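Residue numbers (the numbering used here), protein chains in the order written: chain G, 1 to 252; chain B, 1 to 368.
Hints listed in this document are in silico derivations from the structure and should not be mistaken for laboratory results.
Among the hints, a few may not be true.
[Said to hold, decoys possible] Below are the BS3-like pairs computed for lysine-lysine, each with C-alpha atoms no more than 30 Å apart in a straight line:
| hint | chain 1 | residue 1 | chain 2 | residue 2 |
| --- | --- | --- | --- | --- |
| 1 | B | Lys202 | G | Lys9 |
| 2 | B | Lys202 | B | Lys224 |
| 3 | B | Lys202 | G | Lys189 |
| 4 | G | Lys29 | G | Lys186 |
| 5 | B | Lys274 | B | Lys318 |
| 6 | B | Lys192 | G | Lys9 |
| 7 | G | Lys188 | G | Lys229 |
| 8 | G | Lys186 | G | Lys9 |
| 9 | B | Lys301 | B | Lys318 |
| 10 | B | Lys270 | B | Lys349 |
| 11 | B | Lys228 | B | Lys185 |
| 12 | G | Lys193 | G | Lys9 |
| 13 | B | Lys325 | B | Lys270 |
| 14 | B | Lys202 | G | Lys188 |
| 15 | B | Lys3 | B | Lys185 |
| 16 | G | Lys193 | G | Lys229 |
| 17 | G | Lys193 | B | Lys202 |
| 18 | G | Lys189 | G | Lys229 |
| 19 | G | Lys192 | B | Lys318 |
| 20 | G | Lys193 | G | Lys29 |
| 21 | B | Lys202 | G | Lys29 |
[Unchecked claim] These stretches of chain G come out as covered by chain B in the derived footprint (C-beta under 8 Å, 3 or more residues):
| hint | region |
| --- | --- |
| 22 | 61-73 |
| 23 | 151-164 |
[Stated by the list, open to error] Beyond 10 Å from chain B on every Cβ pair, some chain G residues (computed):
| hint | residue |
| --- | --- |
| 24 | Ala76 |
| 25 | Leu86 |
| 26 | Ile225 |
Source: prediction; values computed, not measured.
Glycine included, C-beta positions come from ideal geometry on N, C-alpha and C.
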Amino acid sequence: MAVVYRRSKGLTDAQTHYCPGCTHGVAHKLVAEAMEELDIIGTTVGIAPVGCSVFAYDYFACDMQEAAHGRAPAVATGIKRAHPDLAVFTYQGDGDLAAIGTAEIVHAAMRGEKITTIFINNAIYGMTGGQMAPTTLVGQTATTAPLGRQQEHYGSPIRMAELLSTLDGCVYAERVTLTDVPNILKAKKAIKKAFELQLSGAGFTFVEILSTCPTNWGLTPLDAIGWLKEHMIPYFPLGVYADRMEERRHDA
Amino acid sequence: MAKELWKGNEAVAEAAIRAGCRFFFGYPITPQNEIPEYFSRHLPEHGGCFLQAESEIAAINMTYGAAGSGVRVMTSSSSPGISLKQEGITYIAGAELPVVIVNMMRGGPGLGNIAPSQSDYFQATRGGGNGDYRTVVLAPSTIQEAADLTQEAFDIADVYRIPVLVLADGLIGQMMEAIEWRSPKPRSLPPKDWATDGSRGKRGHNVVNSLYIETEDCTALNRKLQQKHELITKNEIRYEEFMTRDAEVLFVSYGTTARVAHAAVLKLRKDGVKAGLFRPITLWPFPEAALRACAQQTNVKAVVTAEMSMGQMLDDVKIAVNGAKPVRFVGTGGGTIPTPAELMDEAQKAIEEVWNHGRRIPALQRAN
Ligand SMILES: Cc1ncc(C[n+]2csc(CCOP(=O)(O)OP(=O)(O)O)c2C)c(N)n1
Ligand code: SF4
Ligand SMILES: [Mg+2]
Numbered sequence: 001m002a003v004v005y006r007r008s009k010g011l012t013d014a015q016t017h018y019c020p021g022c023t024h025g026v027a028h029k030l031v032a033e034a035m036e037e038l039d040i041i042g043t044t045v046g047i048a049p050v051g052c053s054v055f056a057y058d059y060f061a062c063d064m065q066e067a068a069h070g071r072a073p074a075v076a077t078g079i080k081r082a083h084p085d086l087a088v089f090t091y092q093g094d095g096d097l098a099a100i101g102t103a104e105i106v107h108a109a110m111r112g113e114k115i116t117t118i119f120i121n122n123a124i125y126g127m128t129g130g131q132m133a134p135t136t137l138v139g140q141t142a143t144t145a146p147l148g149r150q151q152e153h154y155g156s157p158i159r160m161a162e163l164l165s166t167l168d169g170c171v172y173a174e175r176v177t178l179t180d181v182p183n184i185l186k187a188k189k190a191i192k193k194a195f196e197l198q199l200s201g202a203g204f205t206f207v208e209i210l211s212t213c214p215t216n217w218g219l220t221p222l223d224a225i226g227w228l229k230e231h232m233i234p235y236f237p238l239g240v241y242a243d244r245m246e247e248r249r250h251d252a
Numbered sequence: 001m002a003k004e005l006w007k008g009n010e011a012v013a014e015a016a017i018r019a020g021c022r023f024f025f026g027y028p029i030t031p032q033n034e035i036p037e038y039f040s041r042h043l044p045e046h047g048g049c050f051l052q053a054e055s056e057i058a059a060i061n062m063t064y065g066a067a068g069s070g071v072r073v074m075t076s077s078s079s080p081g082i083s084l085k086q087e088g089i090t091y092i093a094g095a096e097l098p099v100v101i102v103n104m105m106r107g108g109p110g111l112g113n114i115a116p117s118q119s120d121y122f123q124a125t126r127g128g129g130n131g132d133y134r135t136v137v138l139a140p141s142t143i144q145e146a147a148d149l150t151q152e153a154f155d156i157a158d159v160y161r162i163p164v165l166v167l168a169d170g171l172i173g174q175m176m177e178a179i180e181w182r183s184p185k186p187r188s189l190p191p192k193d194w195a196t197d198g199s200r201g202k203r204g205h206n207v208v209n210s211l212y213i214e215t216e217d218c219t220a221l222n223r224k225l226q227q228k229h230e231l232i233t234k235n236e237i238r239y240e241e242f243m244t245r246d247a248e249v250l251f252v253s254y255g256t257t258a259r260v261a262h263a264a265v266l267k268l269r270k271d272g273v274k275a276g277l278f279r280p281i282t283l284w285p286f287p288e289a290a291l292r293a294c295a296q297q298t299n300v301k302a303v304v305t306a307e308m309s310m311g312q313m314l315d316d317v318k319i320a321v322n323g324a325k326p327v328r329f330v331g332t333g334g335g336t337i338p339t340p341a342e343l344m345d346e347a348q349k350a351i352e353e354v355w356n357h358g359r360r361i362p363a364l365q366r367a368n
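Could you put the whole structure together from the sequences, leaning on the hints where they help?
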């Protein structure tokens, strides 16, 4: 019988703990498939964040380290500088990357650290129960913003792909989402490209994935996808924000 | 081997390189800047990597990552920077990674100043980060010892998979002394088969982690760490005694202050007062039993703890002496180094107190 689908070798057999309809699982699958297709599972080290994806170290089949909240890019830097031959990636949520770990991500990008960062933007602190994130939309409610995020109090949400794309060391930054099959395929392509650029030694590579948190948004998985399309994509437009290797190719 | 003149900070960095450390992550702060500067000049020659991080928090986490991937790695800082590293240090302890951290202490609290101090003793020996963990704390009092202990720190870290702190101060960091390069006695080091250096299809995936979500698992980790701490306490305690056999007044001091106490002992002896010095070299594990035995000698009438703090090691000295003899304290905070005369005064007071003014110490030499 022909095998039409199987679990990626980039994943362990562990059952994930994610809520039904959470897109963290889809993102894991894409990273795992990218590693498998590039044949780098045995030469990759991943860094799990503090957040809902903290147990990613049990799910990815490559070597893994678990970092303190927000410090994954620093941990990745230590590994990559010690082992330039390894592929190193961080997998981080928006609280992890865009709040407590802002300094670490900005400076890893500035240095052109040859790592890949997978950024799960679900506009909320999932793990701790739905508190406001730096990416929470204006008006969006959170347990610490019961009336919705107020701009005069908290400003507007941070757009990380755009911000990091201003740094020369960031050779690739793209924002994707997982709302349907075409977008999932685009996301996969972006992740694979990021790893390929890292392996070629180009510099820092960044894939922001607009994701859902049905549990803390208080929506069904399907409604969560709808909410993401309606509210998140207009504020966080999908697309490529930096592709410096492509630019260099054009310049040459 | 011929003696060479070395500045403390540079000797520490060179010692690390001699110990096989090829990776250093740090952030500038006085009075330890010569350490990162030395690494930045010399690590590339050895095929290693020096990286100036964006903060001490980033530096310690880079150190965590590199240590987790199996290489010898070090970070250094001074007091305020070491405060920032506490998060990383507790993760390193929890994940059981071998890391060497140097603290060239300066005056505090807060921004304090850049003068030598010993006021991070509590932070170093009690653990400034969260959770039940220990760091081995080595306290050199000469540049020679700083060079020796820094080399050995890497072996201790590897053998026990534990963070090792070299705790010195701005004076040790900035001073120059003649030293001789020598290697620590070789130890058999366990293989780093837990490191995340790529499974290469030859083993399962390795995980470096300090999260144990099931309480039984976290309790088991704590028990394992405790057993390790007990083993270190059994094997690694170090101290030095100077003129303690017949001492009536026993100073207890470490690092820079032990140098001052050493001078005070010699001056007191000249004046006919039998003084001695007990110098802990490992601050954790603290040489508790050895100090107790020393203080319990019938000749010892009083113990005087001298520190460049407002009384931190004092707690450990009191625990060790356990009420057997009166324990006094002399010390200074905020970056002042006490003079031998101050220590001699305290010794005199101690003896007066014990003998209830029965015998006065002959005229003390105040010059220092
Ligand atoms: C130093 C520290 N501060 C706070 C926390 C608590 N904490 C755990 S996860 C988290 C937020 C995670 O949110 P995010 O990064 O968006 O990930 P998500 O769960 O949404 O995937 C926080 C604040 C912690 N573990 N450590
Ligand atoms: S809380 Fe949200 S982000 Fe976390 S697993 Fe559940 S749905 Fe996913
Ligand atoms: Mg989130």
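Comparing the hints with the structure gives:
{"no.": "1", "hint": "Lys202(B) <-> Lys9(G)", "verdict": "holds (15 Å)"}
{"no.": "2", "hint": "Lys202(B) <-> Lys224(B)", "verdict": "holds (28 Å)"}
{"no.": "3", "hint": "Lys202(B) <-> Lys189(G)", "verdict": "holds (29 Å)"}
{"no.": "4", "hint": "Lys29(G) <-> Lys186(G)", "verdict": "holds (14 Å)"}
{"no.": "5", "hint": "Lys274(B) <-> Lys318(B)", "verdict": "holds (21 Å)"}
{"no.": "6", "hint": "Lys192(B) <-> Lys9(G)", "verdict": "holds (25 Å)"}
{"no.": "7", "hint": "Lys188(G) <-> Lys229(G)", "verdict": "holds (19 Å)"}
{"no.": "8", "hint": "Lys186(G) <-> Lys9(G)", "verdict": "holds (21 Å)"}
{"no.": "9", "hint": "Lys301(B) <-> Lys318(B)", "verdict": "holds (15 Å)"}
{"no.": "10", "hint": "Lys270(B) <-> Lys349(B)", "verdict": "holds (18 Å)"}
{"no.": "11", "hint": "Lys228(B) <-> Lys185(B)", "verdict": "holds (21 Å)"}
{"no.": "12", "hint": "Lys193(G) <-> Lys9(G)", "verdict": "holds (19 Å)"}
{"no.": "13", "hint": "Lys325(B) <-> Lys270(B)", "verdict": "holds (24 Å)"}
{"no.": "14", "hint": "Lys202(B) <-> Lys188(G)", "verdict": "holds (27 Å)"}
{"no.": "15", "hint": "Lys3(B) <-> Lys185(B)", "verdict": "holds (20 Å)"}
{"no.": "16", "hint": "Lys193(G) <-> Lys229(G)", "verdict": "holds (24 Å)"}
{"no.": "17", "hint": "Lys193(G) <-> Lys202(B)", "verdict": "holds (27 Å)"}
{"no.": "18", "hint": "Lys189(G) <-> Lys229(G)", "verdict": "holds (20 Å)"}
{"no.": "19", "hint": "Lys192(G) <-> Lys318(B)", "verdict": "violated (62 Å)"}
{"no.": "20", "hint": "Lys193(G) <-> Lys29(G)", "verdict": "holds (16 Å)"}
{"no.": "21", "hint": "Lys202(B) <-> Lys29(G)", "verdict": "holds (23 Å)"}
{"no.": "22", "hint": "61-73", "verdict": "holds (count 9)"}
{"no.": "23", "hint": "151-164", "verdict": "violated (count 0)"}
{"no.": "24", "hint": "Ala76", "verdict": "violated (6 Å)"}
{"no.": "25", "hint": "Leu86", "verdict": "violated (5 Å)"}
{"no.": "26", "hint": "Ile225", "verdict": "holds (29 Å)"}
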